[in-house]
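Chains A and B, in that order, give the protein sequences. One point on numbering: in our numbering, the residue at position 342 of the first sequence is 342, and numbering is uninterrupted. One point on numbering: in our numbering, the residue at position 136 of the second sequence is 497, and numbering is uninterrupted.
Since the hints were derived computationally from the structure, they do not count as laboratory data. Treat each hint with caution, since some may be false.
[Said to hold, decoys possible] The calculated lysine to aspartate or glutamate pairs, modelled on DMTMM-like cross-linking and capped at a C-alpha distance of 20 Å, are:
1) A:K25 with A:D12
2) A:K33 with A:D272
3) A:K167 with A:D178
4) B:K384 with B:D420
5) A:K300 with B:E454
6) B:K436 with A:D272
7) A:K26 with A:D12
8) B:K492 with A:D178
9) A:K300 with B:E506
10) B:K436 with B:E387
11) B:K431 with B:D488
12) A:K270 with A:D12
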Amino acid sequence: MAPLRAVRNWLDDRFGWEELIYPFKKKTVPRHKLSYWYFLGGITLFLFIVQVLTGILLLLYYKPGANEAFESVQYIMTRVQFGWLIRSIHSWSANLMIFTAFAHMFSVLFLKAYRKPRELTWVSGILLLFLVLGFGFSGYLLPWNTLAFFATKVGTEITGQVPLIGKSLMVFLRGGEDVTGATLTRFFGFHVAVLPGLATMLILLHVLLVQRFGISVPPRLQAEWAARPPEQREMKFFPNFMLRELMAWYVALGALGALAAIFPWNLGVKADPFVPAPAGIKPEWYFLFMFQTLKLIPSKLWLVDGEVVGVLGFGAIAVTWLLLPFFESAPPAPPRRWITALSIFALTYMAGMTIYGYLAQ
Amino acid sequence: MVTNNSPASGAGDHPEKPAPRRKFIEALLGGGFLATAVAFLYPVVRYLVPPRALDLGGDSVVAGKVGELKPNSGKIFRFGNRPGLLVRTASGEFRAMSATCTHLSCTVQYRDDLQRVWCACHNGQYDLTGKNISGPPPRPLELFETQVRGDEIFGRRNREA
Chain A
1 MAPLRAVRNW LDDRFGWEEL IYPFKKKTVP RHKLSYWYFL GGITLFLFIV
51 QVLTGILLLL YYKPGANEAF ESVQYIMTRV QFGWLIRSIH SWSANLMIFT
101 AFAHMFSVLF LKAYRKPREL TWVSGILLLF LVLGFGFSGY LLPWNTLAFF
151 ATKVGTEITG QVPLIGKSLM VFLRGGEDVT GATLTRFFGF HVAVLPGLAT
201 MLILLHVLLV QRFGISVPPR LQAEWAARPP EQREMKFFPN FMLRELMAWY
251 VALGALGALA AIFPWNLGVK ADPFVPAPAG IKPEWYFLFM FQTLKLIPSK
301 LWLVDGEVVG VLGFGAIAVT WLLLPFFESA PPAPPRRWIT ALSIFALTYM
351 AGMTIYGYLA Q
Chain B
362 MVTNNSPASG AGDHPEKPAP RRKFIEALLG GGFLATAVAF LYPVVRYLVP
412 PRALDLGGDS VVAGKVGELK PNSGKIFRFG NRPGLLVRTA SGEFRAMSAT
462 CTHLSCTVQY RDDLQRVWCA CHNGQYDLTG KNISGPPPRP LELFETQVRG
512 DEIFGRRNRE A
């Protein structure tokens, strides 16, 4: 098309457009039977974009504050046209995004894509995973219903168990000693300003690193390809992989729309600090494995409160996870077996504890 | 331009001694930046710490009315801005205690089938003196003094010093 070409020439004249997009033209994606796992990161990004868009729409009517939050979400769901759908998509997309982020993390782990030189890609990815959980935790409180109120009480209280700085951290998060409207105001700020800013910067870094290093090939396949080069197959990123990725996004959108419309998200009962926690109360599924673990730790281990042990344990695991690539061997050396074993254990533990937590009374 | 402190200039008199004036300027500049950073950060850090909420509860509140509770039942009452639990035991006695679980601060409730105080969040249990007897709670619930005056039951906090 002539007008399009004219625009391209104009851009090329001014700041070397062709040169700028050259890496994308040259970029290829390895092609093998595990290639499908490469889509998960992109789908997570797509769901994040959905979150930003629906989040902006919700902001048009949502009001933070203990006396207004619940009512404003009720208003969105009952009075605003398609408000129920927008909120339902936001909730469903949040849950799916957390799921795909975890699936992406585990696929990277099992395909050994985090090894040298991709250590920082992994670190930025794990930080993004923590941010995503932060989004989930802060967003969960915003409708100000009973379940969210107690989830926030428990979650922030857990932060309070950290030795030395725990108490101040808890007061900072809550905006006071207790979970009140002040907590809601803070969480709102975190959810719509602090976390999106951080996440956007980290996503840019993460994607930039992925572009810089290209797509990793699993070690075993890499060895096979090295032995028999003619078997090596790849596809162009643009347009071949890009179009496949867009199809994956389209499928994700279809699944999201169907889930949101067929199973609209509930609002629950307005939070009241002066009613007991309802029987059968549980956190969202992505915190269930931690919840269930904390439930099983006895109240005292030696002289220390069980909670403190649990919190320090999870903290230590989080730090280890973040730094995992630095314990790994560099290619072409074979990946360390204990890391593979640990990955399998982590996945089994999380899945098992989640199911146990779901079924437990 | 000739500088007397660069090694390339061949200032052979003081080979490893940097010009004291340069060092002084650097320290002044560095110290100035540091002081500026502290001057900006200190108010921000203080701003992040929320002001203390006033505890308007006092030491004694009306927890409930005598006729309100059947034996073997309980209810939540407000003790300032925190919840309290008033229990009428099976034998008809009144007990009042903090309703904030000592585990992770969920609000507890009275379970008439167990005749115990129960927390729904992590299945913690306390007896009717507030003692933690099962599950994760590490400490007992704070027990309040109860006094019946007329048809009102008062819960009174034992303040330490």
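Now the hints, each set against the structure:
With a C-alpha separation of about 15 Å, the suggested pair K25 of chain A and D12 of chain A falls inside the 20 Å cut-off, and the hint holds. Proximity of K33 of chain A to D272 of chain A is assessed by CA-CA distance (about 53 Å); at most 20 Å being required, the pair is judged violated. Of the supplied pair hints, the one linking K167 of chain A and D178 of chain A holds, its CA atoms being roughly 12 Å apart against a limit of 20 Å. Distance hint between K384 of chain B and D420 of chain B is unfulfilled; the C-alpha atoms sit about 62 Å from each other, more than 20 Å.
Using a Cα cut-off of 20 Å, the hinted pair K300 of chain A and E454 of chain B is violated, with the two alpha carbons roughly 32 Å apart. A C-alpha spacing of about 14 Å is found between K436 of chain B and D272 of chain A, which places the hinted pair at or below 20 Å, so the restraint holds. With a CA separation close to 18 Å, the supplied pair K26 of chain A and D12 of chain A stays within the 20 Å bound. For a cut-off of 20 Å, the pair hint linking K492 of chain B to D178 of chain A is broken: about 23 Å separates their Cα positions.
A threshold of 20 Å between alpha carbons decides the hint, and for K300 of chain A with E506 of chain B the separation of about 28 Å lies outside it, so the pair is violated. Pair hint K436 of chain B plus E387 of chain B does not hold up; C-alpha atoms about 68 Å apart against a cutoff of 20 Å. Proximity of K431 of chain B to D488 of chain B is assessed by CA-CA distance (about 18 Å); at most 20 Å being required, the pair is judged to hold. A distance of roughly 57 Å separates the Cα atoms of K270 of chain A and D12 of chain A; the hinted pair therefore is violated under the 20 Å criterion.
Going through the hint list in order, the structure does not satisfy hints 2, 4, 5, 8, 9, 10 and 12.
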